[in-house]
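Chains W and F are the protein sequences, given in the same order. Under this note's numbering, the letters of the first sequence match residues 1 to 581, in that order. Under this note's numbering, the letters of the second sequence match residues 1 to 581, in that order.
These are calculated hints, taken from the structure and not from any lab test. Each hint should be verified, as a subset may be incorrect.
If several chains are the same, the list does not tell them apart, and a pair holds so long as it fits within one copy or across any two.
With a straight-line cut-off of 35 Å between C-alpha atoms, the simulated DSBU-like cross-links for lysine-lysine are [to be verified]: (1) K534 x K490; (2) K13 x K522; (3) K197 x K542; (4) K494 x K534; (5) K433 x K197; (6) K293 x K542; (7) K13 x K534; (8) K494 x K522; (9) K522 x K433; (10) K387 x K13; (11) K534 x K433; (12) K243 x K433; (13) K494 x K293.
Just so we're clear, the structure is a prediction, and the values are computed from it rather than from any experiment.
There are 2 protein chains.
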Amino acid sequence: MLERYLPILQWLKVYNRSTLTSDLIAAMIVTIMLIPQSLAYALLAGLPAEVGLYASILPLVAYAVFGTSRTLAVGPVAVVSLMTAAAVGNLALQGTAEYLTAAIALAFLSGVILILMGLLRLGILANFLSHPVISGFITASGIIIAASQLKHILGVDASGHNLLEILMSITANLGQINLPTLIIGISATAFLFWVRKQLKPLLIGLGLPERLADILAKAGPVLAVAVTTLATWGMDLQSRGVKVVGEVPSGLPGLQLPGFDADLWQQLLISALLISIVGFVESVSVAQTLASKRRQRISPDQELIGLGSSNIASAVSGGFPVTGGFSRSVVNFDAGAETPAAGAFTAAGIAIATLVLTPLIFFLPKATLAATIIVAVLSLVDLGALKRTWDFSRSDFAAMLATIALTLVEGVELGIIAGVGLSILLYLYRTSKPHSAIVGRVPGTEHFRNVDRFNVETCRQILTLRVDESLYFANARYLEDRVYDLVAQKPDVKHLVLMCPAVNLIDASALESLEAINHRLKDSGVTFHLSEVKGPVMDSLKRTHFLDELTGQVFLSQYAAWETLGRQTGCNHGIETRASA
Amino acid sequence: MLERYLPILQWLKVYNRSTLTSDLIAAMIVTIMLIPQSLAYALLAGLPAEVGLYASILPLVAYAVFGTSRTLAVGPVAVVSLMTAAAVGNLALQGTAEYLTAAIALAFLSGVILILMGLLRLGILANFLSHPVISGFITASGIIIAASQLKHILGVDASGHNLLEILMSITANLGQINLPTLIIGISATAFLFWVRKQLKPLLIGLGLPERLADILAKAGPVLAVAVTTLATWGMDLQSRGVKVVGEVPSGLPGLQLPGFDADLWQQLLISALLISIVGFVESVSVAQTLASKRRQRISPDQELIGLGSSNIASAVSGGFPVTGGFSRSVVNFDAGAETPAAGAFTAAGIAIATLVLTPLIFFLPKATLAATIIVAVLSLVDLGALKRTWDFSRSDFAAMLATIALTLVEGVELGIIAGVGLSILLYLYRTSKPHSAIVGRVPGTEHFRNVDRFNVETCRQILTLRVDESLYFANARYLEDRVYDLVAQKPDVKHLVLMCPAVNLIDASALESLEAINHRLKDSGVTFHLSEVKGPVMDSLKRTHFLDELTGQVFLSQYAAWETLGRQTGCNHGIETRASA
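Work out the full structure: start from the sequences and follow the hints.
In structure tokens:
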């Protein structure tokens with residue numbers, strides 16, 4: 001029991017010197033990678049740079065204690081930082097104390113929501129984000145993030161909550177373009193794209209082992225940061241208009257519970273819920289990918305608790321919402337991390353950096369951080385998914401397109417809410433007209449098949465309808481319409497058999513419809529039967545009066561129905577000749 | 001084509017003298033019943049009494065032209081009148097011209113929405129109102145309506161949008177109770193309850209035929225209206241504080257298109273949508289019940305057009321939202337109506353009443369109308385449904401209880417929206433953990449059964465999982481978790497077969513999960529196979545790259561999978577002994 005909620009107890013027991021060495025090496029590599037990322041994502045969220053560092057210390061320690069993935073690396077990530085900016089930007093101006101307070105409160109609320117979901121085992125809620133919606137949302141977020149960082153590359157002022165606003169604001173201020181900033185921005189972006197695409201093959205060509213080449217290529221941003229910072233300092237570019245990170249308080253964050261503020265919390269609640277679910281879905285998917293590579297297991301419900309405590313740890317130490325990141329987790333995994341202790345060591349590394357390196361960050365150009373972000377998020381943009389989804393399913397495509405369009409035009413929160421709503425409605429619509437078929441007997445067998453596809457025996461007085469879907473509110477009335485239409489079309493019918501081998505569930509609405517069908521068929525002189533009802537469905541029907549009122553019988557097999565009713569009606573079986581051409 | 005949109009063309013062709021006689025008799029009876037109802041429901045909607053009459057003339061003619069039910073009687077009904085009061089009460093004060101304008105605009109919008117839904121064949125949307133939600137909503141509405149009419153019975157002032165507000169407002173004003181009003185109110189209520197419960201058996205005991213006794217019992221309200229009106233006039237009760245209907249303009253309503261008012265229409269849009277759907281669901285269910293008694297058919301999509309044109313006709317002639325009513329349709333049916341012409345004749349009857357009877361209505365006490373409403377709506381209250389639903393399904397019960405509670409506490413609109421949302425979420429939750437089973441071979445056969453229930457043959461290197469549900473976004477990740485857990489638990493497994501005989505649909509999220517399962521199993525050295533995939537599902541998989549990337553095969557039958565993989569692995573089949581006790 002204790003081990004379930006404290007996964008650290010499991011791996012700590014078997015911790016040894018070799019695991020320690022692996023974890024330490026991985027932690028060093030991840031630390032180097034995480035420093036520019038943390039600064040950049042704080043910038044993206046509209047927060048001071050040091051907040052990004054704070055969000056990369058305690059949250060990692062909390063995840064090491066409560067998380068179930070051995071290799072997940074937690075911290076600020078792009079999409080969640082954008083959602084933070086959108087949520088907090090509605091309530092306060094960037095740069096104010098209120099803005100920071102709201103971001104911290106958002107992390108705290110999100111942590112509480114995640115832990116509650118974990119304790120209530122509601123990890124399943126994340127399922128309601130269908131894949132097309134999350135994929136469309138991430139693509140649109142990537143586009144918005146890249147657009148929002150353009151201003152740092154150009155050195156102009158701009159703002160806006162959606163793509164159009166951002167682009168118009170940048171266009172209006174194009175006159176402000178700062179040349180030194182633009183040179184730094186463009187060369188950093190070009191360098192990082194080159195690193196991403198070409199450095200690894202180059203290093204392998206030079207004879208480096210693949211894993212090392214991979215890790216070195218991931219360290220590209222650190223080099224960009226170092227070079228542009230040195231250049232800005234050496235050439236005094238700050239006085240020529242290049243915006244830099246500036247004074248960053250050195251020293252570790254103080255620990256403090258966020259103050260209770262009912263108004264603020266209420267305003268942030270929906271945003272916190274959305275951030276929690278989006279962050280959880282992303283994180284769990286990364287954790288699952290890595291775990292299965294080593295045949296390890298993660299527990300989605302305990303992951304909620306792990307991520308929740310990370311967010312509370314972030315809030316307590318002055319940070320903003322965090323979750324498991326894809327690229328850093330892969331680096332952690334590839335660098336050989338074996339236990340969550342690697343995360344704790346990374347935290348220590350970032351803490352040391354916060355103490356030691358902050359003076360060096362002063363001259364780091366914001367354009368370099370923006371370049372880091374742009375290169376990272378453009379890899380999230382996957383417009384090809386639109387084509388693939390279109391080929392596979394039109395209704396999934398509609399949900400994806402709506403999510404992308406609304407996220408770009410109306411902002412992240414409305415985008416994701418509309419996407420979720422639409423994918424649910426489309427699913428209900430798809431199942432609201434279930435596949436059903438009138439069936440007849442394959443001559444000489446006990447099998448029954450669709451009369452439109454096979455040459456089968458039927459009988460004028462007996463009509464058998466097979467439904468290939470669970471019966472529930474979205475299709476209950478369709479079933480009624482179908483039955484009444486059939487009976488109105490075929491005046492000779494005396495018995496209607498509903499064949500239920502694919503009915504996994506009957507809900508109260510469908511029960512009501514079955515009762516209505518029973519009564520209305522009785523009024524028109526038709527006896528209503530069921531056949532091949534599954535065990536659990538039969539059990540639930542037995543708890544109602546339906547079986548008492550049923551005018552006909554429940555047959556175990558369709559063949560039994562055919563035999564019994566055929567005898568009763570003295571039916572002359574005729575072969576239907578409607579076989580498909 | 002023309003006949004589809006103008007059902008009148010179908011029945012007019014075969015209209016003859018005998019049909020005419022039947023329709024005329026039914027129309028007379030329904031007219032007598034409809035006059036007090038129309039006045040009462042206008043009162044309930046917070047509108048002048050004559051508006052109820054206006055809503056019972058042209059709408060009936062429009063339905064006779066466009067409707068598909070032979071016997072449905074359209075007009076003002078209780079629940080829709082309450083929803084009208086709630087929607088319009090937010091925007092204007094009762095008794096003002098704005099209030100009437102808004103009610104007319106609501107009827108117009110609702111008509112437009114219904115016709116659009118009909119043309120787009122979206123009758124299916126009504127399905128999203130699950131039975132527990134609609135039943136809970138009607139019960140709660142009945143309680144609110146009865147409570148809201150108490151003030152007329154007591155003769156006190158009161159107002160409020162939900163049960164608590166109404167009851168507190170009445171309690172606060174109990175000092176105002178008017179004795180003559182109370183006497184009229186209580187005796188009318190008692191009389192009407194007696195008529196409803198006891199008059200019919202009494203008349204039958206006196207030797208009257210059952211149908212006549214039934215119709216006479218339904219005319220009880222007319223008697224109550226006549227007697228209390230006479231008493232009020234004769235004893236001059238108006239001067240002793242009995243509130244009466246008062247001056248009602250005599251003459252037919254003028255025809256006028258409602259003016260376009262973008263602000264007003266936008267404010268009413270959601271309300272109009274809810275009223276349209278609730279009204280449609282009620283009306284279609286009545287129409288279907290009556291049609292099946294005579295083996296007739298109705299067309300739900302054309303019904304939307306019929307009800308939509310009724311509402312537009314209502315708006316054009318100064319009325320408020322209407323729909324098909326249960327009790328009046330049953331009377332119409334029992335009185336022998338054969339075609340919608342009976343509705344047109346009823347309209348003529350009400351028109352004559354509007355011209356002739358309005359002076360007589362002056363002294364009609366509001367308490368009598370309130371008694372009519374209370375007796376009518378209390379028959380809608382069905383608290384027993386809570387118990388029945390509890391017995392059948394806990395999640396349907398939760399949706400019903402939430403709808404009742406929220407409707408009573410927060411009002412009709414929030415109540416129904418929350419109910420719909422909750423029933424969708426609960427359905428998704430129920431299907432998010434689909435039934436699945438590890439299966440093995442029944443020795444000596446080609447059948448495969450659950451290893452937990454049967455003595456079956458299995459093989460350590462081959463794992464077969466059968467899923468009994470369509471795979472879609474709500475359960476896609478559950479399937480992944482289940483597969484990863486199984487593989488992590490069983491290190492010997494080399495082949496995993498997913499057996500899909502009950503999978504009717506695979507959406508893009510589930511496809512993504514299958515791809516992830518394929519890749520991750522590959523990473524852990526397990527080959528992934530499918531078996532018994534249905535034709536349409538296979539077709540959609542063929543449009544993707546999934547089958548190219550699949551590490552294993554798609555087997556037509558599970559037996560083929562068993563044979564092929566058994567030979568490959570040189571498997572020694574062992575009998576699983578986990579058969580249930």
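Hint-by-hint comparison with the structure:
When the C-alpha separation of K534 and K490 is checked against a cutoff of 35 Å, the pair qualifies both within a copy, at 29 Å, and between copies, at 30 Å. With identical chains, the CA atoms of K13 and K522 are at most 35 Å apart between copies only, with a shortest distance of 30 Å across copies and 70 Å within one. Taking the shortest Cα distances, K197 and K542 sit within 35 Å of each other only across copies (32 Å), while inside one copy they are farther apart (64 Å). Taking the closest pair of Cα atoms, K494 and K534 come within 35 Å of each other both inside a single copy (25 Å) and across two copies (32 Å).
Neither within a single protomer nor between protomers do K433 and K197 lie at most 35 Å apart by alpha-carbon distance, with minima of 48 Å and 41 Å respectively. Only between protomers do K293 and K542 lie at most 35 Å apart by alpha-carbon distance; the minimum there is 27 Å, versus 47 Å within a single protomer. For a Cα distance limit of 35 Å, the shortest separation of K13 from K534 qualifies neither inside one copy, at 48 Å, nor across copies, at 48 Å. Taking identical chains as interchangeable, the C-alpha atoms of K494 and K522 lie at most 35 Å apart only when both belong to the same chain, with a minimum of 10 Å there against 56 Å between chains.
For the identical chains of this complex, K522 and K433 are intra-copy neighbours only, at 25 Å inside a copy versus 37 Å across copies, given an alpha-carbon limit of 35 Å. For a Cα distance limit of 35 Å, the shortest separation of K387 from K13 qualifies neither inside one copy, at 49 Å, nor across copies, at 53 Å. For the identical chains of this complex, K534 and K433 are neighbours both inside a copy (21 Å) and across copies (18 Å), given an alpha-carbon limit of 35 Å. For the identical chains of this complex, K243 and K433 are neighbours neither inside a copy (60 Å) nor across copies (53 Å), given an alpha-carbon limit of 35 Å.
In this assembly of identical chains, the alpha carbons of K494 and K293 lie at most 35 Å apart only when taken from different copies (15 Å versus 60 Å within one copy).
Violation of the numbered hints given earlier is confined to hints 5, 7, 10 and 12; the remaining hints are satisfied by the structure.
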